[in-house]
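*Asks:* Throw the hints in and build the complete structure from the sequences for me.
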Amino acid sequence: MSSIHGLCFLNCSGWRLDVWQRKRTGFVPSPVSPVNQPISQSSVRDLAFHSDHHIVPSCQHVYLLYLGSSRNSYCSRSNPSPLRSNHYWQRTRAAVTFQAVKEWTLANFTSPSYFSGYRDKKENAQRSLHLEPLAPRVSRDGNGDGRGMWRWVRQQLGFDPPHQSDTRTIYIANRFPQYGHYTPQKFIDNRIISSKYTVWNFVPKNLFEQFRRVANFYFLIIFLVQGYEDWLRHISDNEVNGAPVYVVRSGGLVTTRSKNIRVGDIVRVAKNEIFPADLVLLSSDRLDGSCHVTTASLDGETNLKTHVAVPETAVLQTVANLDTLIAVVECQQPEADLYRYDVIVTIFILSLPLGPESLLLRGARLKNTKEIFGVAVYTGMETKMALNYKSKSQKRSAVEKSMNTFLIIYLIILISEAIISTILKYTWQAEEKWDEPWYNQKTEHQRNSSKILKFISDFLAFLVLYNFIIPISLYVTVELQKFLGSFFIGWDLDLYHEESDEKAQVNTSDLNEELGQVEYVFTDKTGTLTENEMQFRECSINGTKYQEINGRLVSEGPTPDSSEGNLSYLTSLSHVNNLSHLAAGSSFRTSPENGTELIKEHDLFFKAVSLCHTVQISSVQTDSIGDGPWQSSFAPAQLEYYASSPDEKALVEAAARFGIVFVGNSGEIMEVKTLGKLERYKLLHILEFDPDRRRMSVIVQAPSGLRTLCMAYRQFTSKEYEEINRRLFEARTALQQREEKLAGVFQFIEKDLILLGATAVEDKLQDKVRETIEALRMAGIKVWVLTGDKHETAVSVSLSCGHFHRTMNILELLNQKSDSECAEKLGQLARRIREDHVIQHGLVVDGTSLSLALREHEKLFMDVCRHCSAVMCCRMAPLQKAKVIRLIKISPEKPITLAIGDGANDVSMIQEAHVGIGIMGKEGRQAARNSDYAIARFKFLSKLLFVHGHFYYIRIATLVQYFFYKNVCFITPQFLYQFYCLFSQQTLYDSVYLTLYNICFTSLPILIYSLLEQHIDPHVLQNKPTLYRDISKNRQLSMKTFLYWTTLGFSHAFIFFFGSYFLIGKDTSLLGNGQMFGNWTFGTLVFTVMVITVTAKMALETHFWTWINHLVTPFLSSQNMYFVFIQLLSSGSAWFAIILMVFTCLFLDIVKKVFDRQFHPTNIEKAQMYSNTVAFSDEFIALQPLSRARNQLSKLSLLKQIQVSSAWTPCAVSQKEKQRVHLLEECWSE
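Just so we're aligned, residue 1 is where the sequence shown starts under the numbering used here, counting upward by one.
For the record, the hints were derived by calculation from the structure and aren't laboratory data.
Please read all numbers here as calculations on a predicted model, not as lab measurements.
Ideal placement from N, C-alpha and C gives every residue a C-beta, glycine not left out.
Treat the hints with care, as some may be off.
[Claimed, not checked] Beta-carbon label-pair distances, calculated as ranges: (1) ARG806 with ALA270: 54 to 64 Å; (2) GLY227 with SER800: 44 to 54 Å; (3) MET381 with PRO892: 25 to 35 Å; (4) LYS196 with ARG257: 38 to 48 Å; (5) LYS1153 with PHE219: 29 to 39 Å.
[Stated by the list, open to error] Quick list of in silico lysine-lysine cross-link-like pairs, DSBU-like style, CA-CA up to 35 Å: (6) LYS751 with LYS649; (7) LYS503 with LYS790; (8) LYS1040 with LYS859.
*Replies:* Written out as structure tokens, the structure reads:
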């Protein structure tokens, strides 16, 4: 059918096809397909496909009017060349009645002359039948007509008018050729529309209009960046929500998506899978219903945690059995606490209490277990993981506060200029002889109109004229600088920790410059200053102290005849590699009565160590140990323990080294091997650790029936244990005040204990902690240690890490019981500080005393703390840490604070401080997730502050001052020009200049500067911490510095305007034809000098040059500025004026810089001069002949010795410089 040329009418309701064929006399029904011949629906589809037609989807009357052929060419009389119809003739589709199309076709296609003016007749046909063009066709290959689609979209949005022909045919009185038939409306109705938008095109059309202004394009960039980031989050969410899961429904396992899990569904999770919701464990593949999980993604703990199902549901290990389960779970509403969960499961009529050990959190991963079944209790955003997604409070940096202050000042300047201009305008108009020019004269009605309205109107006009003095693009540029600059922290290899494979992370880029303003550092101790790797060192058993030295456990006790101290009497236990060695001849204390056997106290002590814990062993090792015979060649070091507490792990490993090996547990049975003999204990209850009791206990039952509490112990009768068991059950089944009731039961159990002994575990300091704290002190930063540890341990760590010095006077505020006692003690400490003001003081305060001091004596306490070089707070609760930081923040000095920690108990102080830094340590990732910055080790803090903080502050401070300076330079000539144009609000600059000045000409150079500038070598900054003092307290954005830059801007603006006015003014003819420069040429000259000057000023501030700083790109192409630059730059006077004005503006600035560096250099300028001198000298000597290099080398060596001894430590000289000098020395010796 595609070879037939003509009209195809498609009646969709009856599926009939009429094909009219072109003849000499017109169109006649085609013999190939008779009129009204019924055809099948498939034939119509085939016809439409092969003929490249389109069937319009409709239910009753839809017809396809096909004009032209895609296979043939026709010639018009005016143009004999063939016109390809697929290029010039369009297909038209419309929903009209069949009869109307047929009659119109007979009336208009009866002459062969139709094809001579095909396009016009086709348009007439469209108008007559009101055939509105539909969306352009997209071809089957997917390419389509892109231009047609874009044109259609623009027409629908109202940007382009619809296509119309040159003429229109109008039937008077709407008398159409045929009556009685429906005729669609031909033209638009008589409505008048003055509105610009419609309801549905307002948003896209208005956005298009707004973003046509280049100034708003910045906001479009931010809009797109934020939208892109959120789009990535949507993709990530869809991946998680669409993950397949298995749910027990209708007696079988059904595969569904994670987002479709409902509360109450029984979910199956296999080994190494992540739990899709918060589940209560029902059963596992083990008989005891236990499973192992790792919560590294939640709290960072990599150890395996054991979760146990209740025995009543642990036996339901098949889908069929679980489908018959009828139970009710009653629990509290969702809360964010990961470690608290109180629930009661009622199975039939039996109520069973459950705790956190039965809750499987979303985000945790199943380990060492084939599969588990659990019931969903919290889903979606109500899971504990989702509730811990805290939205960080908005922190404002000191730079942002200074920017707001400066903007208010400039807003006052803007309003003042507008008021002055308006007053001067009306003052000038008040004089009769100074009336407006003839072409701008007012009518009598305008003169008598309201003067107040005219004043307001002119005032607003001047505001618009001068509004560019407010740097609107400043905030956008600052945001770009912060966002792009934050990547450099993550890319810094010096902040990368190879062992943990962790790099620095930036969670909040808004505070980059705040890293250069820190005055107080508040740090946690465990895991932040220390490695959080506990190592057993000492223990005390039955009053005797034992110490592990070089793998041996030695007992110490002074004797009367020894002056050596503690190690005069030693009995040792060899560090054994296997238990056969231990059984052969090693003991804690030899005795004639019992030979090599362990005495009762030692045995009980180390059994307590081996049983009182929650340590886990990998399942493979446990099975091999428990099932197979004990091999004498087995070494305790082969066991791999996993523990949530590093203290427990260190103690269990120590007990294994000394002969009592914890083998593992199987359900409620704990297995311990003593001298090769396997002993089993039934675990009755675990009294979990909490920070209030500060203890953890277990109740175990030995085969002989003895019930003990470890590490101290107590014997119970059967009646006493039954009472304990009953009270524990009642407390654990309570839904209200469960924790308080359990604490009461624990207190009843943990009394009248018999002490077995004590252990001492050492937490090793992290690498370079002492050097980092000393560098912070040299930089003028006060370091406070806030820890929950006891007083003695905290002081010991503070001394070892350099926080406290041996020569420092340590003041203590401990164990205060009342407000009066606390006030008296604070008064004594204040007097001691005043009396010994020369000596450095350190303060130690505990949590109880701190609460009293902050309640009534806050001012006195702060006065004591401010006069102490170091403060250490022990026994601190998490909220107390945040309260201390809050107290420092609101003090009169308003210092910038930084908090650094690694655990969940540090989150509150991290969020409270101006800058929060999380350590990616072993206590979890909560601190890192809730921090502004995350680093792997405490030692990285020095480079983060001294290098990155220093650079970012200098960069953004210069950026802010430069923005205000360049805007003053830009608008002040506009203000001065009004005195010469009679305050007619005539602009001095072309609109292109007004738009691009802040966008391209001045913003891009300062943005590059703020990203790449390094005014001092990074090694010098890190090795000379005292340079940090020069930028503290926001000195680069002080009011003095701000006024200097503003005054500089006004002075340069006066030079721009009056220099141009007097050099090429009305008395100077600078063109060859005797004409003077016009308004646009004058403004262009002022603008050219301005751009060159402010860019040269930026170059004067730059110390670190890269190829990016030298890029030049043309931006201007404006019809209003036609021939202006050619005319301006063809004049020698213009060139002379440009050079003279630029030199005049920068000359005084250069003289000031040289004078300051020569006679009043700052520490930063001294460091710059020295580093430049050393680098230049090395390069100079490297280019000298060997015969001349000897004297230069000796001079350089002398110079380096003098400068190093007086300026900073020798490590400031880079390794490259040392190697270069070393090579020169070798050459000289040869």
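*Asks:* Each hint should be assessed against the structure and marked as holding or not.
*Replies:* Verification of the hints:
1. ARG806 with ALA270: 54 to 64 Å: holds (59 Å)
2. GLY227 with SER800: 44 to 54 Å: holds (51 Å)
3. MET381 with PRO892: 25 to 35 Å: At 43 Å between Cβs, range violated.
4. LYS196 with ARG257: 38 to 48 Å: holds (46 Å)
5. LYS1153 with PHE219: 29 to 39 Å: Holds - the Cβ-Cβ distance for LYS1153 and PHE219, about 37 Å, lies within 29 to 39 Å.
6. LYS751 with LYS649: Given that 35 Å is the threshold and the Cα spacing comes to 26 Å, the pair holds.
7. LYS503 with LYS790: Holds, at roughly 32 Å.
8. LYS1040 with LYS859: This hinted pair holds, its Cα atoms lying about 32 Å apart.
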